[in-house]
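Q: If you want the building blocks of each chain, they are given just below.
Number of protein chains: 2
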Amino acid sequence: MTADAAKTAPSDLAYVPFVSVENMMRLVHHVGIETFLEELASHIEADFKRWPEFDKSPRVASHVPGGVIELMPTADNALYGFKYVNGHPKNTRTGHQTVTAFGVLSEVATGYPVLLTEMTVLTALRTAATSALVARHLAPKDASVMAMIGCGAQCEFQAMAFRALCGINRLRLYDLDPKAVEKASRNLTAQGFEVTRCGSGQEAVEGAQVITTCTADKQYATILTDNMVGAGQHINAIGGDCPGKTELHRDILLRAEIFVEYPEQTRIEGEIQALDPDHPVTELWQVMRGETPGRRDAKQITLFDSVGFAIEDFSALRYVRDKVQGTSFAEPLDMLADPDDPRDLFGMLTRSAG
Amino acid sequence: MTADAAKTAPSDLAYVPFVSVENMMRLVHHVGIETFLEELASHIEADFKRWPEFDKSPRVASHVPGGVIELMPTADNALYGFKYVNGHPKNTRTGHQTVTAFGVLSEVATGYPVLLTEMTVLTALRTAATSALVARHLAPKDASVMAMIGCGAQCEFQAMAFRALCGINRLRLYDLDPKAVEKASRNLTAQGFEVTRCGSGQEAVEGAQVITTCTADKQYATILTDNMVGAGQHINAIGGDCPGKTELHRDILLRAEIFVEYPEQTRIEGEIQALDPDHPVTELWQVMRGETPGRRDAKQITLFDSVGFAIEDFSALRYVRDKVQGTSFAEPLDMLADPDDPRDLFGMLTRSAG
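The listed protein sequences correspond, in order, to chains H and D. So for the first sequence, my numbering puts the first residue at 1; every next one is plus one. So for the second sequence, my numbering puts the first residue at 1; every next one is plus one.
Bound-form chain H, shown alone:
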């Protein structure tokens, strides 16, 4: 490099490692999907166990016509992370994803981003890893059958995580749209699951120890009615995750022991928006630290009112950063202006003209 080139070429500080969708998929296959989910769950569990160390706030949601766009920041003493994520239920009509996401991890000490990554695939993985991790604490012992109501984009990821972390290999699938059931059934059979296609939600829950609800319509829906839920079941409620969007009949909530990520956010966005603001809930980080019991007996109905919290994304960003450092899974992106003399940004600009 000539002296002149050295003057205008970006320094190492200018580059942010970027993980594209293609590289994220390469990484997942390189690690193996189930191993990826297990390792991701370990990172999430480690961060839940040090919950009080995090700077936490409910996500910043912009409710726009047609959907919502959210920023989900959190930080510990060393790293800051945030995720951009949208939720547009009608997007599939125009060939778009309902949810797309990307995220950034930064060094707290300098404020400099150290990772930019796609998070559409990664969010599907972290949501599934969190559900299965929570089920390890709450599902009945020796659970082997899971009902899955809602066979959209998240469905197969949930199944993979429940097999990897909880050993569940038998699935009972139902969706209002038979094509969605067909898609999930095809994908999951190819992965070696024993799949039963069901004609109704009622049929799906028969014999299941775990019920996963994961539907996308933004409305107060009743995917599960009270009579469908029996003693000892664990409900993994994924789809009720923003104001005005729930899946469970209120009577189920009143019979269940409810576990949440971050009450301040879940009371606004989760199933429990249907309950009084002081209805008792248990925080999962306390369960994972062993400070509060998870499932207490075989007859209890447990409910994970999942909405997705920033710390889970933080864990995922941290995991991906650990995995891609020094590999070809990340490519350098010239995203940060970094003049030789930090106060001479203008000089950098004018010199770049020559």
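Simulated from the structure, these hints should not be mistaken for lab results. All C-beta atoms in this analysis are idealised placements derived from N, C-alpha and C, irrespective of residue type, glycine included. Please note that the accuracy of each hint is not assured.
[To be verified] Some chain H residues near chain D, calculated using beta-carbon distances under 7 Å:
no., residue
1, His88
2, Ala153
3, Gly347
Starting from the known structure of chain H, arrange chain D on it as the hints suggest.
A: Just chain D now, kept in the frame of chain H:
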């Protein structure tokens, strides 16, 4: 492209146009710095004039050891934008920028990002364009001399904008650090300014119709004392922009007519954090719409208590998007997962293994 490649290659929806630092600098030179600042100011003014249409909230600030990391979102009915920006005053000691930034513009209808861009250079330009735009409404007629106290990274951008928009060509520079004065003086002389280096702030303000304060230390500093400010001057106060960081003596505030971007944010972050929460201020969007007067007479002291608001970044993102569409200034980034069937994200992942 073969049928198999078509199955795994990302679709057009997967790509987000990305403007790197290098391309941003190329774009600025392609347009011309002063033209860029003028066009940017026009976009900012247009957005100030339709202020009530925006979804507004104070920025989300994470105060971390050593600085602050902020997310600044806003939206109108068609577009959503946010900026990530850090402020770490001690960063220069390790060769880092005090401020780095990047931003994203998205379509409200789908939530899909349509632009990712560096914003360190762009923020310097939009901050300067906003200051000069505001000065066009507030500075005394025929102002020709500007004092600049603080000669850091923002200094030359301010000077360029004040020449482009207000015709000011004579500068009086002062900084505690003589090296900063030397750097700015060298850069600005090369741009054709008539530059006077001053030995004190007191000396710098002599004969100036406009005073720009732009220092970086995070503290309650007194860059300007009351005796330094005379009748008819316009103060462009850039540096007092977060809690605990101000530049002006309180007595100046009490004598001046104060103009702000967004009171809810400025009362927390601006010079007026030193005043009562109900101290009267004028909102600039009302001045630009002609609903409220700007400068009323030749003797009035006017103060722009600048903190930087999300709508200015939105305008900058909108401007850059208009400029780069269909050009080589933006490169496509594979950032959004976009399966053929939106509900078959898992299928896209498993097919990518082959």
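Q: Quick one, is the His88(H) hint okay against chain D at 7 Å, beta carbons?
A: Hint holds; His88(H) Cβ to chain D Cβ min 5 Å, cut 7 Å.
Q: Less than 7 Å between beta-carbons is the criterion; does Ala153(H) satisfy it with respect to chain D?
A: holds, 4 Å
Q: Less than 7 Å between beta-carbons is the criterion; does Gly347(H) satisfy it with respect to chain D?
A: holds, 6 Å
In summary, the structure agrees with every hint in the numbered list given earlier.
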